[in-house]
Amino acid sequence: YEIEVDGLEGKYKDWQKKLHPDLVHSKSEKERGYAAEQSARVIDAYRTLSKPLSRAIYILRLEGVDVDEEQTVSDPELLTEIMEIREAVEEAPDSQALNQIQSKMEEKLEESSNSFVNAYQSRNFDEAVACIQRMTYYQRASEEILKKL
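Heads up: the sequence shown begins at 5 in this note's numbering, then just goes up one per residue.
Treat the hints as calculated values from the structure; they're not laboratory data.
Do not take every clue at face value.
Computed spacing ranges between beta-carbons, pair by pair [as the list claims (entries may be wrong)]:
(1) 27 / 122: 37 to 45 Å
(2) 31 / 97: 31 to 39 Å
(3) 114 / 51: 18 to 26 Å
(4) 100 / 29: 25 to 33 Å
(5) 100 / 35: 50 to 58 Å
(6) 90 / 26: 41 to 49 Å
Note that CB positions come from ideal geometry on N, CA and C, so glycine has one too.
Given these sequences and hints, build the entire structure.
Structure follows, in structure tokens:
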């Protein structure tokens with residue numbers, strides 16, 4: 005789960021160079037199609053692995069654990085917290101206040117990511133799914149804040 009994102013980006017760029025359309029333009033249509041398909045897979049893999057949330061979901065799916073990203077949360081504490089966050093975002097008087105909330109969301113995402121690592125390593129997949137649910141809500145809140153900034 006824990007990867008070096010800079011190294012990942014370097015590998016991504018290396019593969020994109022190898023599969024770039026300019027390098028295969030003189031090849032057969034079949035080879036160009038294959039290169040385009042592989043390039044799309046590399047892009048998809050990079051997007052999945054570059055973000056902690058999508059990486060966590062992917063890793064659990066490899067373990068055979070189905071993660072329903074749209075599943076409603078029944079944890080009353082999390083629901084209350086999310087409502088308070090949304091309210092704070094709506095009532096934020098300026099971009100400085102939004103940046104402070106954004107910083108808190110990044111901390112919450114980091115905490116949930118660390119909790120995911122612990123749950124995953126101990127093979128407590130129910131807790132790992134709960135961590136993913138928290139990460140999902142914090143990520144959405146973070147995206148809402150960025151839209152307002």
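With respect to the beta-carbon atoms only, verify the hint that residue 100 and residue 29 lie 25 to 33 Å apart. Violated: the Cβ-Cβ distance is about 50 Å, outside 25 to 33 Å.
I want to verify a distance hint. Is the separation of the beta carbons of residue 90 and residue 26 within 41 to 49 Å? Taking Cβ atoms as reference, residue 90 and residue 26 lie about 46 Å apart, which means the hint holds.
Distance restraint hint 18 to 26 Å, applied to the beta-carbon atoms of residue 114 and residue 51: 20 Å, holds
Per the hint of 50 to 58 Å, is the separation of the Cβ atoms of residue 100 and residue 35 within bounds? 54 Å, holds
Taking the Cβ atom of residue 27 and the Cβ atom of residue 122, is their distance within the range 37 to 45 Å? The hint (37 to 45 Å, Cβ to Cβ) holds, given that residue 27 and residue 122 are roughly 43 Å apart.
Just tell me: holds or violated, for the beta carbon distance of residue 31 and residue 97 against 31 to 39 Å? 58 Å Cβ-Cβ, so the 31 to 39 Å window is violated.
When the structure is compared with the earlier hints, violations turn up for hints 2, 4 and for no others.
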